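Line order of the protein sequences matches chains A and B.
Quick note: the first sequence, position 213, residue 213 per my numbering, numbers continuous.
Quick note: the second sequence, position 110, residue 1110 per my numbering, numbers continuous.
This list has only true hints and no planted wrong ones.
Stretch-level coverage of chain B by chain A, calculated; a stretch enters the list once three of its residues show a Cβ under 8 angstroms from a Cβ in chain A:
hint	region
1	1056-1070
2	1118-1131
Counterexamples of contact, computed for chain A against chain B with all Cβ distances above 12 angstroms:
hint	residue
3	GLU25
4	ASP83
5	GLU142
6	GLY148
7	SER236
8	GLU240
9	TYR265
Calculated from the structure, these hints are not laboratory results.
Since this is a predicted model, take the numbers as computed values, not measurements.
A virtual CB, placed ideally from N, CA and C, is assigned to each residue, including glycine.
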Amino acid sequence: MRGFQLFRARDSRHAIELLAQHGPEARLLAGGTDLLVELKSAARAPRIVIDISRAADLKSITLSDRGLEIGALATHAEIERRDLVRNMLPALAESVHSIGAVQTRNLGTLGGNLVSGVPSMDSGPALMALDASVILAGPRGERHMTLGEFFVAPRRTALAADELLTAILVPKASLGKPAAFLKLGLRKGQALALVNVAASAWLDSGVLKQPRIALGAVAPTVIRAPLAERYLDGRSITAETLAEAGRIAAGEAAPISDFRASAEYRREMIAVLTRRALQRCLTL
Amino acid sequence: MPDIVITVNGELRPANVPAEMTLLSLLRDVLGLTGTKLGCDVGDCGACTVLVDGQAVNACLMLAAQADGREVLTIEGLASADRLHPLQQAFENHAALQCGFCGPGAILSAKALLDGNPAPTTREIREALAGNLCRCTGYSKMIEAVQAAARALRGDAP
Chain A
1 MRGFQLFRAR DSRHAIELLA QHGPEARLLA GGTDLLVELK SAARAPRIVI
51 DISRAADLKS ITLSDRGLEI GALATHAEIE RRDLVRNMLP ALAESVHSIG
101 AVQTRNLGTL GGNLVSGVPS MDSGPALMAL DASVILAGPR GERHMTLGEF
151 FVAPRRTALA ADELLTAILV PKASLGKPAA FLKLGLRKGQ ALALVNVAAS
201 AWLDSGVLKQ PRIALGAVAP TVIRAPLAER YLDGRSITAE TLAEAGRIAA
251 GEAAPISDFR ASAEYRREMI AVLTRRALQR CLTL
Chain B
1001 MPDIVITVNG ELRPANVPAE MTLLSLLRDV LGLTGTKLGC DVGDCGACTV
1051 LVDGQAVNAC LMLAAQADGR EVLTIEGLAS ADRLHPLQQA FENHAALQCG
1101 FCGPGAILSA KALLDGNPAP TTREIREALA GNLCRCTGYS KMIEAVQAAA
1151 RALRGDAP
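Please put together the full structure from these sequences, using the hints given.
Okay, structure coming up:
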């Protein structure tokens, strides 16, 4: 790794001050599971690295009137182990559990996963299907936005160079909402998603309400499938309804072919996983 | 260069390290603890697994400076002068290693598991070892070894 100067941020305020001082020349280091890999192969190292991994105010997982707020630095392991998350947001617990291996989950953070902006991220679809938003903080104050607004392009988010992702908020209305996360990889352990799907829906006397479908690894960013959602909203549940929603969702994605899978295969799998994710919501 | 103090295998080790030095490089190149292996260097293979504050991490994905003030356990910290740790003994008894390159990492991942879960299921063991790649022995014998070590540590009959 090429040399850089390292600063350690005590808390989020300190991190924002350091970012204001060093701005675009600095990179933030949280869990390091992406950044260190990148820096090892980078031709040009950043001049400054700001280590935020000890900013204690960014680690808490708390329940408030607004919903469940997860500090950006909560690790995947901390999130998947927390009873609060397992009970109220099992789909999120499953999605972070599917990331990497134990070693990765002990270091990697939820904020880091989102900020990576990688289309195949696992936490993104689960959070999107739960209508989660992100809280960004910078010298101009705080900004809240939905994940749909946050994800801009592959590896690009709406985070400005002087801003920090401080927390992820799952709104109160989504706590306890039936939701499921399914991931298809080339193997069970330590695999990137070929396709991942999260779905959530309320069930009101046999009718689906507020359905959400989010897809990963099949478009430039994690996306919702609004046409499939609109199709399902207010519809009675039948096997054919769920299968049709899967087919519609497949048509809303823009998968690519690469060495892991072809676009055609990914599209087929979106239909299958969407149907299964919806089925699982209904049995919860 | 950051001045740091890390507890390694129970001993306080002050060090003055370049900012970009990984914990793996500190352990191997500065402290001479070469039981922790350099494999892929990008967090895929798990050969560099050590325990930091009891948790299994890839030492190649952590800066040495990030381990400041923390407790690190490497494979050298497991055995006592005249006795292998029950996990090491079980890996030997079950022939769970051939070339042995993945062994230190796999054994430390297993230790982190057993520290929190003295009676893991086969599935839990497989999950705990999912980040430790072995290219010669295979995993069945490792799983048997972890089960045997768990029994020994619980004081059950072997």
